[in-house]
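Peer 1: Read off the chains here:
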Amino acid sequence: MVGVAMLEVENLRLYYATRKGVVKAVDRVSFDLERGETLAIVGESGCGKSSMAKALTRLLPRNVHTYDGVVRLDGKNLMELSEEEFRKNVRWSQISIVFQGAQNALNPVLKVGFQIAEPLMVHDGVPKEEALKKAREALRMVGVHESFADRYPFELSGGMRQRAVIAMALITNPKLVILDEPTSALDVITQANIMNLLKRIKMERNLSFIFITHDIALSSELADRVAVMYAGQIVELTDAEEFYTNPKHPYSQKLMASVPTLRTDKKLEFIPGAPPSLLAPPPGCRFHPRCDKAIPRCGEEEPPAIEVKEKHYVKCWLYA
Amino acid sequence: MVSDVGMEYSLKGIVKELLSYKSGIASVLILALLIGLSVYTVVTIPPEQAIAMWRGENNMWIENPRNAAPEWITYFVHKNLPKTIKVASWDRRFGVVKAVAPIPDTTLKKIHIEVSFDYNYDDFPSEVNVFFKAKFNASKTTPLIKMYWVKPDGTKIPITEFTMRDPDQILYISVDQQIYSGLVAWLQKEKGVKPYKTVTTQEILFGKISPSMEQGKVEVEKGTYKLVVDATTYNEGDDVDLKLVVYGKIYGIAGTDHLRRPLIIALLWGTPVALAFGLTASLAISIIQLFIATISGWYAGIVDSIIQRITEIYMIIPFLPFLIMMAAFYKLDIWTILAVVIVLSIFGAGIKSTRALVMQIKEYPYVEAAKAYGASDARIITLYIIPKILPPLVPGLIGSVPGFVFLEAALSFLGLGDPYLPTWGKIINDARNNGALYKGYYYWILEPSFMLILTALAFAMLGFALDKIVNPRLREM
Amino acid sequence: MREVVGVSGNGYLLEVEDLKKWFEVRKGLFSNPLWLKAVDGVSFELKPGEAVSLVGESGSGKTTLGKTILLLHEPTDGKIIFKGEDVTHLKDKKRLMWYRRETALVQQDPFGAMPSFMTIYRILEEPLIIHKIGDKKEREERIYKALEEVRLTPVEDFAPKYPHMLSGGQLQRVAIARALILGPSLVVADEPVSMLDASVRVEILNLMREMQESRNITFIYITHDLSTTRYFSEWIFIMYAGHIVERGPTQRVIRNPLHPYTKALLAAIPDPDPENRKRFRDVPPGEPPALINPPPGCRFAPRCPQVMDKCKGEEPPEVEVEHNHFVKCWLYV
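Chains as they are written, first to last, in our numbering: chain A, -7 to 312; chain B, 2 to 478; chain C, 88 to 420.
Same shape as in the complex, but just chain A (with noise of 0.2 Å):
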């Protein structure tokens, strides 16, 4: 515990407005990370933690419904900002975000090594030169050699150009560093090596990582804290060694028992039903009508965060 918490959110809103209502992706989510900790947001899809990402980092559609709450980052109200100064001082100099399907998110036409340097010369005015040598050592320390620095996207493998991406990411030296999926479309032994290197820059250089996945057992490679969210809210927050031994909320629970496990014998179990729409969830906890431990206060009440243990919070009556 180093103090004050590095980033503090609290209460933050993300509702899109579609044709068919308003989608209520993020609904009032808090929670707290410290410098160097790594806070994992698992969820099935469409539990709203991609839209948590686009959330922290402002990056927002035109269909922007409701975008409110408070986001302090080192003491710092990070929603108070405008456009120009989050632009300017917050994205990617101190937040930077690897996207799902990154490999896909490097421009084709453009080489490497000069969009690894893109972020020092926009962001910190770095000359073109120096950055272009940042950008090389960039790419060595994520383990891809400097001479790709000259090469065109298409030349680079998957694995390479989630490393590249992983590379122009950190080339700032950003205090948090969220993935969004980072090693989806990657093959086993590809994002064994990934999760290698993030645990490695994770060590070395003290960042904090929001790690956003939908496989559980993914997350527990670099999650020091872990936070569950379900249609929106988040149900569950703990430590690592609460959530992946003894998780308190059913839905944790039902999630841990339906994944299946290499090296333990367990009876795989499953949740009926879908989850619910973002447009209109159920009233009470969102998850009630899917959990075999429901109480009537269930359908009527939205349950508040409950602190069972020190920090650790469950969103469930049961543990009221």
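There may be inaccurate statements among the hints.
Claimed, not checked - With a cut-off of at most 30 Å between alpha-carbon atoms, the simulated BS3-like pairs for lysine-lysine come out as follows:
(1) C/350 with A/191
(2) B/363 with C/248
(3) B/363 with C/107
(4) A/12 with B/23
(5) A/12 with B/17
(6) C/350 with A/258
(7) C/134 with C/107
(8) B/190 with B/157
(9) A/126 with C/365
(10) A/246 with C/365
(11) B/17 with C/248
(12) C/134 with A/258
(13) C/114 with B/353
(14) C/248 with A/12
(15) C/134 with B/372
(16) B/157 with B/99
(17) C/365 with A/194
(18) C/365 with A/167
(19) B/372 with C/224
What the hints assert, rightly or not - Per label pair, the in silico range of CB-to-CB distance:
(20) A/101 with B/307: 33 to 39 Å
(21) C/161 with A/237: 48 to 54 Å
(22) B/307 with C/252: 40 to 46 Å
(23) C/379 with A/57: 46 to 52 Å
(24) C/397 with A/143: 30 to 36 Å
(25) C/389 with A/74: 48 to 54 Å
(26) C/252 with A/81: 43 to 49 Å
(27) A/10 with C/297: 34 to 40 Å
(28) B/468 with A/57: 24 to 30 Å
(29) C/404 with B/302: 37 to 43 Å
(30) C/297 with A/237: 30 to 36 Å
Hints listed in this document are in silico derivations from the structure and should not be mistaken for laboratory results.
Think of the CB as a built atom: it goes at the ideal place given N, C-alpha and C, for glycine as much as any other residue.
Given chain A's structure and the hints, the job is docking chains B and C onto it.
Peer 2: What follows is chains B and C alone, placed relative to chain A:
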């Protein structure tokens, strides 16, 4: 997680969504109007009748003014422009007098006809004609006619005196040189006014006689006018009747052209022609291209190569010059033009995009699944691929209709279209050939142009709206 | 788990002998064609009712193998013997239709696998119509029964719906129903749950396992997710760069992997464990090779931590190391 296979298209759903766009509503309304007009026109004026009308058979338009503007032009001109006045000696109404006085002991008859009418317009008539309907034997002595003009103040002006040649003779008062000289002479002698050479017969007949005529300025004299005819017939059974037509300057809802034909006929009839031509061409070409592109895309290999090479050669051939050449060498009727247009377009560029789509869909999982459960190639093409490529084709189909409408109009405009059908392009062609813009007959050009633009606009808007529906990526959230 | 019976002997449903599927790749109009050797010599046998997981990463050739067995690709070389008949280059229309009835495919993308303009009823009716099974009434019975078996009830509600109205999991059930409606003896499922949510995967895998066992269907389950294989099949084939590098009973292979690639795969896969973040995984570097004109020798040699000189020159043969546990590696010859 959801793959990009597209949504289900139900007709109701599409219509509902279409109407949620302003352009959708507007285009549907305009098209409904155009289709309604077409149906109405074809029902009330069958094609043979329309062609006959357009040929002006039997001089059917002789009582229409030439190059008359549409009646609504008075709102813009703020002048009370004259409408055509027709009075016949056989009309039973106030102001028409016919007295037949036989001369005793002879077969001679003295017929006195007076035809009067009110003239309260602010402008002069465009023409004045008298149509005789007489009965006599041309080989014997024919009736003698003496004609006078009586102005509202009672001034009686002699117009002409002649013997009839033909029972249905027409006296073109306003263009007859002799009558004109006679009137000028009368003016000089009786009123001491020598009218400037630009003063017309109508101006003399209907104008205030004043010295200003010498500068060419004539004011309309409003009031009741009378045409008086004293006829003498010589034989038993002879009779003289006449109809005076004072031609106005405005006519109907659309005006008339140089051959006195009401433009509304061509405007109305142009609608079904334009729609039928545009839609038929578009539909036929789309369907044929669909067929060719599907074969090309599905079988790939050498079949594909051949078809693509043919397509490329086709695309290089200059379409319009070719069409013009064909039309210039042969007198083509509209169906042949349509056929030629279709044949010249079937291997067009549309094939390339449809083929690309077919090749894409060919790789879709559900096509592979169909192969796995034993569907034949033919079944897959008709039941699995074509339903998928049809919806994206529809906006293109609709959007290409204006092109064909304009094509037909352009051909007609160049004088290469169907020479007998009244179409919008034909009107513009006539207008141009008769110097419409020089003479200030703007409506002659504007009316068919307006119809063309309206049609094009409707289809274009419909095409865009449908495109937005069919292609979800173009939508706004 | 069922009792594992020997693979050798007769009475096989499916025998694959040195099967190859190469794709021609042309760089230019006039240059010599290159061969993408997606499946480059695969042999195995399966008895009726046996389930096998075919595991490999993307680019390993597993999907191509599955589709080639179903004759959706024409084999370049080798033999496929189904129920004693050589079906490798089956051209006879009647026999081909028979083969299509006997085999079925379940695909990865539930939404892509369904024609979006047909109702669920119609989708299930298609195979029946094509094979001229029953009249309208009989078909309706079969379709409703199929929907019930995959637990899409009430069936009258689901039958008239269109695919976009169903969830991924529900659609995959429809896919399974469609695959089974003709009563096949062999089903190839190509990554059937990869596109589904984690919580739904187990449900679908269970359903497939149930159907497979109750109807005694031979099942080839293609996946890149090793963790699910233990719950599904008694056999496992590990595929790498167009070859099956190891095959045997699932539990045995996972507990005692022989091939260095299998070992690397197992080492790479995490289980949910908070200790994971404190240690590095022992995995070889590099990525799977391109399959175009591969170099001679073992395909895994460039990345293998136990590589020997021999490996780069010659392709290793397959050896049976323990009962029914085969591996293609010079270490065991």
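Peer 1: Okay, which hints does this one fail, numbers in order?
Peer 2: The structure conflicts with no hint, since it agrees with every one listed earlier.
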